[in-house]
Each structure stands twice: as C-alpha cells, then as structure tokens.
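Chain by chain, the residues:
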Amino acid sequence: MKAQSVAVIGVGQTAFRSRYDEMTYPELAQEAVTLALKDAGLQPEQIDAVVFSMAPTTFMGVADADKWAVDYAWARGKPFMRVHTGGATGGSAFQAAYSHVASGQYGTVLVVGADRITETPDAQFVLNLIWDAFYEQDFALNTVTMTALATQRYMHKYGTTEEQYANVVVRARRNALNNPSAHLKGEIDIAAVMNSKRVSWPYKLFDICPRSAGAAAVVITTEALARERCTRPAFITGTAGVSNTVFMGDRMGPAADTDFADYSELKQAARECYRQAGITEPMRQVQAVEIYDPFSSFQFPQLESLGFCESGTAQRLSDEGAFDMNGSLAVNPSGGTLCTNPIGVTGLVRAAEAARQVMGRSAAMQVKDVHNVVATAIGGSTQFFTVTMLSDEPRRAAAGA
Amino acid sequence: MSKSTPATPAHHVVHGEWHVRYNYPVGEVGARFFDALKEKRIVATRCSASGLTYLPPRAYCERSFEKCDGFVDAGGEGTIEAATIVSAAFDNLPPPPYAIAYVRLDGVSTAMVNFVRGMDLSDVPAAAAKLKPGTRVRVEFIAAPEGKITDFHYVLA
Chain A
1 MKAQSVAVIG VGQTAFRSRY DEMTYPELAQ EAVTLALKDA GLQPEQIDAV VFSMAPTTFM
61 GVADADKWAV DYAWARGKPF MRVHTGGATG GSAFQAAYSH VASGQYGTVL VVGADRITET
121 PDAQFVLNLI WDAFYEQDFA LNTVTMTALA TQRYMHKYGT TEEQYANVVV RARRNALNNP
181 SAHLKGEIDI AAVMNSKRVS WPYKLFDICP RSAGAAAVVI TTEALARERC TRPAFITGTA
241 GVSNTVFMGD RMGPAADTDF ADYSELKQAA RECYRQAGIT EPMRQVQAVE IYDPFSSFQF
301 PQLESLGFCE SGTAQRLSDE GAFDMNGSLA VNPSGGTLCT NPIGVTGLVR AAEAARQVMG
361 RSAAMQVKDV HNVVATAIGG STQFFTVTML SDEPRRAAAG A
Chain B
1 MSKSTPATPA HHVVHGEWHV RYNYPVGEVG ARFFDALKEK RIVATRCSAS GLTYLPPRAY
61 CERSFEKCDG FVDAGGEGTI EAATIVSAAF DNLPPPPYAI AYVRLDGVST AMVNFVRGMD
121 LSDVPAAAAK LKPGTRVRVE FIAAPEGKIT DFHYVLA
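Protein chains in written order, with the working numbering: chain A, 1 to 401; chain B, 1 to 157.
Derived from the structure by calculation, the hints contain no laboratory data.
No false leads were mixed into what you were given.
Per label pair, the in silico range of CB-to-CB distance:
1. A/ASP319 to B/PRO95: 33 to 39 Å
2. B/GLY76 to A/GLU22: 55 to 61 Å
3. A/LYS368 to B/THR8: 39 to 45 Å
4. B/LYS38 to A/ALA255: 24 to 30 Å
5. B/ALA49 to A/ALA364: 52 to 58 Å
6. B/PHE65 to A/MET81: 28 to 34 Å
The calculated lysine-lysine pairs, modelled on DSS-like cross-linking and capped at a C-alpha distance of 25 Å, are:
7. B/LYS130 to A/LYS197
8. A/LYS67 to A/LYS38
9. B/LYS130 to A/LYS157
Remember, predicted model here, so these are calculated numbers, not experimental data.
We put the CB at the ideal spot given by N, CA and C, even for glycine.
Using the sequences and the hints given, assemble the complete structure.
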C-alpha cells in the first residue's frame, strides 16, 4: 500500500510555566486547539478526527482525563483516540495522526494534548510506579535516577565531563530566550550549572528540566488540502518508532543488543525514518533538530545515534559550537525539553517546533534555509523512541511506503 | 505560581488524594526467585535456545521467543554496569543519600538494580568515582530474609 503525502498546516501552543490556575486541564487543551485551528485557518467542523496526547493519568489525579477533554477539543461526534507511550507520547500521537491521514482514512486530523505536572508534589513518586512492584519499584527509580544511571554509564564510556553537560544547559537556556513559550530561559554560565544543587550523580538541578504546565496542538492534512491552505506546509516525510524492554538491565553488558548509554534504539528508528525520507547524509541534509532532552545528557547519545556524528564525538562538537544556532546543525532552537517539559505533550511540541521551522514560522528561533528537521521523543523506562522527519517537499516516490 | 500572577486563594483550589490498594501475585517464576531469597540464594532463569540467563527472572526469553527452560543460581559477586548517588529528596521516595546500581551478577547476562550500602556518600563525586562501570561488588543478605527483593543489596567487593 502506498501512503499518501501528509503535511502539517497549523500549530498552536500555550506558554509553558509552572501553573495555570486560571484554567482547568481541558480548558488548557482547548486553548491550544483554538490556536492551532487559527494557525491552520480552519473551523472545528473541518477536523475529521482527533488524537489526544496524554501520558500518565496520575499527574492530575483524574483517571484517563482524555475523556474530560473530548468536548473541549471539539471532538464530539468524531473519532477520538488517546495515545500514551510515556515521555514519547507526543511523538507517538503525532505519528498516529500521520497514519490516520496517510492511510486515507481521514482527511484532516487534529492532535492535541495538555499537561500540568505541578498539581501533585509526588510527580517522581508517580514516575516510580512505571516499574514493576516485584523487582524494581523499591529502588527509588524515577526519571531522574533512571537517566542519571544511563549518563554515568555514558560518561565512563566516552570520558564526558560534567562541564560538557553544563555547556548544553547554557546553550539551551540561551536558545529559549527566542522562544515566547519556553518555561526556563536566560543567559547563564557553566559555573551556574556546576554550582546548582546536586540531585543524582552526575546531575545538578540545572541539568534537569522543569515541571511544566501547558498545551500544544497540531493540524495535519493531505497534500492537496495543504497546498490549498498553506504557502509552505511542513511535509511529514519519515515516521519511525522502536520500543525496548522495560528492564534497563537487559541493555547493559556483553549480551545486550542495544546499549542503555547510547540510546542505540534510535539508530534503528533513524535508519527507517531516513529511508522513508530519502536522507543519506543527515549532517548535510538536515538543518535543525528538535530532540527530546529532559536532561542535559540526552543530546550527545541522540545526536550520535541519529547519525549526525560518530559515537563519543558529540561532546567535542558541542564544545566547539557545532550545535549552536549558527553552527552546522541547530540543536533545539526552542531551548528544547531542558527548558520546558509538559510531559504528555513534550514530544508533540518537538514535532510542532520542527514543523514551524520548515514552515518558516519560527520567528526569532528561525534557522535559515531549512529543508529537513528531525524531531524525536523518548519515553517509558527510556524504552519508547520515535523519530519523525519534517520536510519542505513531500516524500520522494522512490522512497515511498 | 508564575511570578506575574497573584496567588490563587485557597478556596479556589480543590484538594485531592488517591488511596488505592493492590495485591500482586508474583507468579510461578517469581515464586521460585522469592522463595530462594529466603535461603539467601538468587535464582536466575536460563534459555537454552539463546544461551541467555535473566535477572530479574523471566518466563520467556525475549531474544529466542522460547520459554526459559532452566533455573540457575547467580554468583554472589558481580560487576557494576551503571550507578548513581541520590543526594536530594524526592517526595514519597526514600530519604537521601543513597546509591543505586545495576549489577550483572556472575553467570548472568543481564543486570539487576539494587542499593549499594556501606559507602560514605558525603562527598558525592568521590563516592561516584568508586562506583564506575566495571567495579566489582558482592551481594549481602539481611539477617532474616523474608522472600522480598529488599532481602539483599550490594556492597563494594
């Protein structure tokens, strides 16, 4: 079966911050829907189906709050589904919406989500509950400790320093100054990161994303409608996902077929995404990336596994400025997940920011001469990975489905 | 609370708490593992088709898709594959400081997480330097194991 070309024609996101006391959860989602429809120039009745991007229920304490959001997302009378793959939720929801249109089943699809992580002080306790109650839950695993473990392993493998991670934070906060929606932003230096409070070796507080509240929505449609509605649509030219065992300990040691330190699952996902999109030299053909980086250590292994550089070299390239806004690859012009993390929509924000780059609507964040932008999302026990390509031209027939 | 907005009055905030109880059967494979802990043994499952030995124990091998067909005792020592030291408190999780490590016990293909006890964690970078991947540790059982995963922990060998 040949997939039809699909494009993003509108994106909307609220500002992200600690709290949204002036509106409820579904009202927050509705805000993003309104913004995305306005950006796309569409009315609610022109949406054929809705995909809802929502991670663990327990952050809000309303079970499966996607139900609560149905009418607020103007999904009444339409097909509606929720997608949940932990931190990768937004990436998976975006890809599900893509499939809705690529398959020919629906013409125009809205993907929307909201999150508000600070309504419970127990967020990391909630995240501990993603592990089984028998073997792993007792050991204080959560997203911070889980990824600190991977980072310690990576540092040992490649000799990475804490300062090299701190430099990633400095770049992210600086980039975020150009992003009106970013939660954390500002000019800081490496010393400020190094002097922030130690949390879980090697992480200090500034190595860790904030807990954000906010919402995002994206409208995607067929090539025909996209050409009609949008002067420069962002075509979705590659979508790939890879999942792995919940047991992180299976991904370490000589018998492992992936390495926890490298997020090597992304190599597999990137290979498939690039095959679809006709990308053979990522560093030459891709101008910017919006990768999922809730911690300062997430950029290096991803950039390497996505094929932008050899394993163990991203840290040096980062130091040299290769991933700055004016470098050879603009990494997270928005400031990324390090500056803003509304977990259930973070992956969707990555895709939305990538689309805006291609559409030329990134304002102060805009990278010049953009043709292809990669968006990633990662979730679960670092076990769900999505890689999505946004491009200024539709997928070439030769690379078709 | 964002800096630009005034504090929300308390009567505009509804308090909620969840109290949900569960009872989780460990299953037949788990029962072998947890019963062995009471005898201060750690039992792994083995798949003869792939040659892989699993901790935590698994009913099926995810590589061969065959049923694990053997139980073997893991070594009492092992190698750190990843470790961290937590020095800040997370609400509703153990009080810091504590060290966590994934350790591949001798004779086992995969690594299993537990606390590393008996270390001075007051200087985090210094303690972290002692927990690098490749470091040898041994299993230490508590005096009276009850058949729970917390019956044992790791200590530096």
